[in-house]
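*Asks:* Fit chains W and D to the known structure of chain V by using the hints.
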Amino acid sequence: MTIVLTLLEAIFILLSIVIAAATLTWVERRLLGFWQDRLGPNRVGWEGTLQIVADMVKIFFKQDWTPPFADKIIFTIAPAIVMATVLMGFAVIPFTTHFGIDLNLNIGLLFFLGMTSLSVYGVVLAGWASNSKFSLLGGMRAAAQMISYEVFMGLAVTGVVMLTGSFNLTDIVQAQTHLWFVVPQFLGFVLFLIAGIAEAHRLPFDLPEGENELGAGFHTEYSSMKFGMFFVGEYAGIILISMMTVVLYFGGWNGPIFPPVVWFLFKSTGFIIFFILLRAALPRPRYDQLMAYGWKLMLPLSLLNLAVTGAAMLAWS
Amino acid sequence: MDIKITIEDQVVLVNENDNLLAACLTAKQDVPYFCWHPALGSVGSCRQCAVKVYQGPEDTTGRIVMACMTKMTPAMRVSIADGQATKFREAIVETVLTNHPHDCPVCEVGGECHLQDMTVMTGHSARRYRYEKRTHLNQNLGPFIRHEMNRCIGCYRCVRFYQDYAGGNDFGVFGSSRNIYFGRDESGTLESPFAGNLVEVCPTGVFVDKPFSTKFRRKWDMRATPSVCPHCAVGCNITIQERGGQLRRVLNRYNETLNGYFLCDRGRFGVGFVESNSRLRTSRTGSGLALSHAAACKDLAEILKSDRVVGIGSPRASLESNYALRELVGAENFYAGISDFDSELVRSAIEIARDLGLARVKDAEQADAILVLGDDPTAVAPRLALALRQATQRVPSAILANRGIPTWDAGAAKLASHDVMNPLFVITECPSWLDSMATQVIRLSALEITAASIRISNSILDTTEESAISDALRKAKKPIIVVSGNAALLRAGANIVVALRQVNVHAKLSILLPEANSLGLGLIDNRPLSASLEVSKGRSVIVLENDIQLRSPILADEMIAEVAQLCVLDHIETSTTKHASLTVAVGSFADSDGTFINFEGRVQRFYKGIFGVEEAPQSWVLLRDAGVMASRDKATTWGTYAQLLTSMSAAIPELAACSDASPTVPPTTRPPTLPYRHSGRTAASAHIEVREQLPAQHNDSPLSTTMEGPPIHLQSALKPVVWSPGWNSVQAVNKFQDTIGGALSGVEERFLFQSPTGYNVFFADVQNVAEDHRNLGIEEVSELSPAIIAYHRSMSTS
Amino acid sequence: MYIYSALRTCWLTFLHLFHRTVTVQYPEQKPYLSPRYRGRIILTRDPDGEERCVSCHLCAAVCPVDCIDLQKTCKPDDWSPEYFRINFSRCIFCGFCEEACPTSAIQLIPDFEMSEYSRQNLVYEKENLLISGTGKVPDYNFYRVSGVRATNTNAEPVSPHRLLP
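These protein sequence lines map, in sequence, to chains V, W and D. Counting the first sequence from 1 gives a position; our numbering is that position plus 1. Counting the second sequence from 1 gives a position; our numbering is that position plus 81. Counting the third sequence from 1 gives a position; our numbering is that position plus 331.
For the record, the hints were derived by calculation from the structure and aren't laboratory data. Careful, some of the hints might be misleading.
What the hints assert, rightly or not - Pairs of lysine-lysine residues, derived as DSSO-like cross-links and limited to a Cα-Cα distance of at most 30 Å, are as follows:
id	chain 1	residue 1	chain 2	residue 2
1	V	K73	V	K134
2	D	K457	W	K296
3	W	K214	D	K406
4	D	K406	W	K296
For reference, chain V alone in the conformation it holds in the complex (with noise of 0.2 Å):
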């Protein structure tokens, strides 16, 4: 029993993700929109509403098209592969108490990491598979960044890790209920928030994409769903950053008077709107800037972060 119920509690999560992830490219557009004293798409529905809707039959009845230079196995599986673990990061995401997929997943850290870590090789057969420099170009960019960001990603929680003495999501927010770990850890927060834009790889850390010279990166080749479901992949993505921001250093669902969820989706959404206003406001780095930044500013941040949250904990103590 309650395995269907498990069951059941996770299609609908996963469901809303998907269909929050398809709204968000709309959200995306309007607030673009306004960032840029425009309006954005507002003719279907009310104020645009519908627009993911004509979008989703644009993108559902667009010819599927795979290059007959690909390799056509890789070529399908790897938009499956991204939109997989993307989803199965949200497994261990603790929306409030008793609401999530696995709330006492005692490596929920961990596993978290795993699964970004796990979508670049989607990011990277999709560029191999196509068969094309672009995309090629775009998959070995991906592959690059991820690993450089992943290290100081990892080590920027760790902080957190350091703080709660567990892996275990729920128990990270639980130790938050008087003070966010924004406040000890803000340095780590810092990190976190760059390792995971680069991690979804949002602007401005776009560059496996980087149109303006590699036409769309790793995904150029792809058309109809399969490029639908980078596409819904990324923004999944934003959200699940954005609420995984939200668990390790804003308090997760603390929050006073309305009930958790509200604060939970609250928070998140403040993420989510900051990941998109940093599309709106930035620009691209170049690619060695990049690289730069990772090795040599962020991984050596990180560590002192480290070293410093040791230092005062065992001072502390």
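*Replies:* Positioned in the frame of chain V, the structure of chains W and D alone reads:
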């Protein structure tokens, strides 16, 4: 003699006998001018070519002189850009323009106007004259020229050309002071056969090409292709300009040794036949059923397959077409298709040419004694007649040398001459235009002219005999004998040259021939129509661009009655096409590539200049395709034009010079015939199909049909249009001559009969039996031109 | 410094949320087009109602995409165009033709609503271009300002039989 002067701080070597303006232009400097013209000389009336001259290194003041009236002295320094001189020139243009109507948008000359060019060159840009302008009455000058006197800037070029150069007397200058008027006493068709040159002589738009005005386009919009005038045996170089598959106009194409700057009116306005109602556009069967070009070609192939086909060539078709037909029907079945009279004439002309060589138009222009025998050159070879006039008008250099007058000083030379001119003797049957300038005119019947010629040649050798003509010829250094008419007269004329050469006078002989390619056809085959009568009985006859009815109605009727099938290839409706069982439309000279050999033995190539939709194929292409269909091996070897030429020079070695009559250009660097500003390209055919069409494909000429390629005005030999920055009018030719009035840079020409053999042998006089029924000088094709028809009508009513 | 500028950029961009949008809701709301707006091309008439175009070919010559083709009539003294064709599927509305026109015949007007489903319908002939008014230049008549017809009509014209200086 060459001297060194300094122009704009550059030391240049100039010809002392030139004027300063010509020297500056030779040095490729831009000096504005109006009244000066390289062929008309200097009069210094427009004051436009002011430059500052310093007489030597110590002269720092300098003075403004009119360059066209200035002799050059060694160590002279010239400044064109000098401030005072520049200001002077600008002021002159401003004055000239006070009464000019500024109607360039509605002027046919706009865009290729010497006045526009010169105004821009002087820098004058803002008009200060705000008062009322002088107006003029315009006259109706006939169907060739439109008169718009308000545009006149009073440079006197028109009257100097019309009266002094071309010897016309029905056009002149009237009035005085500000009220001068260039025109006729009263409205009426201009009588001079060279009146059309006023269009190019006038620096602005006073004289406008009237037929062109009805299908007007700006210069930069028309495809320009070098061509050769098909209307007489002189073969003047022309440029045909086309737009949208329609022939718009003909311009003179400068050729120093042939037509120079001028054309005759038949050449300029006779091409109207290409667009006239008489043009044959579609092929048809004898019953009048229209055939597509492909179907006609197939029918022609069927005829070629039959046992023995007789081919009739034509002196108005190109060498290539004639040769292609000759090869397809076999040399023994190919006949020139000319009258017995012409056949005899051409035969003896070739015989004489091989022995004595042929004079060129340039020789005629520089001759110091002229004897005209037989027909009137003005009718048969108008451009040669104009050259002969220049020879008579040229003031003997001794007179000029005595008085220190330079040759370019037209006014002074004319005054100094006291009408002492080079002698011209005219012995013709009918009154001739040259009569008015002749020293002596003798009017005799054709037979008597032969006898008179024999007497002249005898009296040249026998000094005891009293004869003004032979005396003058003997005294001359380079006399020319212009002979036309029958074969006997040709030989008699040749004998005069032989006699003169025996007394060490290097005389030249010019033989006038009836049609554009008479000489070329004569070298391929010279058997007349009458010879083909017997063999053609019961057989198929292919007539190539020839109206056999016009040549001999009796013979033609007889032939048409007896032949099994008569197939006529032509580009115009003729009386022969009416009787044909298969009439095949082919391209005219303007739609074809080909070669003509003119009366000087000059091999000249013309190029396809009109690219229309569904146009008829060229004769030789049609014959080749039909030949391939009829599985003739020979025809399959003529894949390209060059291959046809190779085949022709192998078959007829005498025509080997034809193979390299045009420059060989690799396909990628072919110069474009479309000008660089060929406007409206995406709209011209958009009403039919909005998608743009491919450019015309034509690989047989050294010219590209598109706009792409190195600019054509930079090409050395093929220059249909002359253009140079700042020089949009025809005067731009200055920029491409090595010396002003000299040959275009890089031009190579091919001549036949280059090494004459005999010098001392008299030609045996032959009794000429055949009679000429045609009126020489009335060329059949140009007579179909609407402008020429209108001209005849206006001349007969006035 | 870099972080400060990045954050400041984000903040300034965020503030645009409260700015007025510049988008004009086109089909319902028409944008303001200045009289000098370079839209559809027309041919105008002079104040006397005659066609202004004198077939000088300057518009065709200046057109950078060569989308104008015209032909003067076959009558020597009539300079109005026999056909005047603009291929709007090529036109880039640069307005050079209007600047080049010596008679103010060709003018660009504030109208851009000329889409078609077929490219062929974008080829405008003279009857599609010619309007009955004077367009933006109400008083100009080329022949009164310039040209042989504009010259002095009071003075006696010079003729070959007039002997006065």
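*Asks:* All hints, please: hold or fail.
*Replies:* Each hint tested on the structure:
| no. | hint | verdict |
| --- | --- | --- |
| 1 | V/K73 <-> V/K134 | 17 Å, holds |
| 2 | D/K457 <-> W/K296 | 18 Å, holds |
| 3 | W/K214 <-> D/K406 | 26 Å, holds |
| 4 | D/K406 <-> W/K296 | 9 Å, holds |
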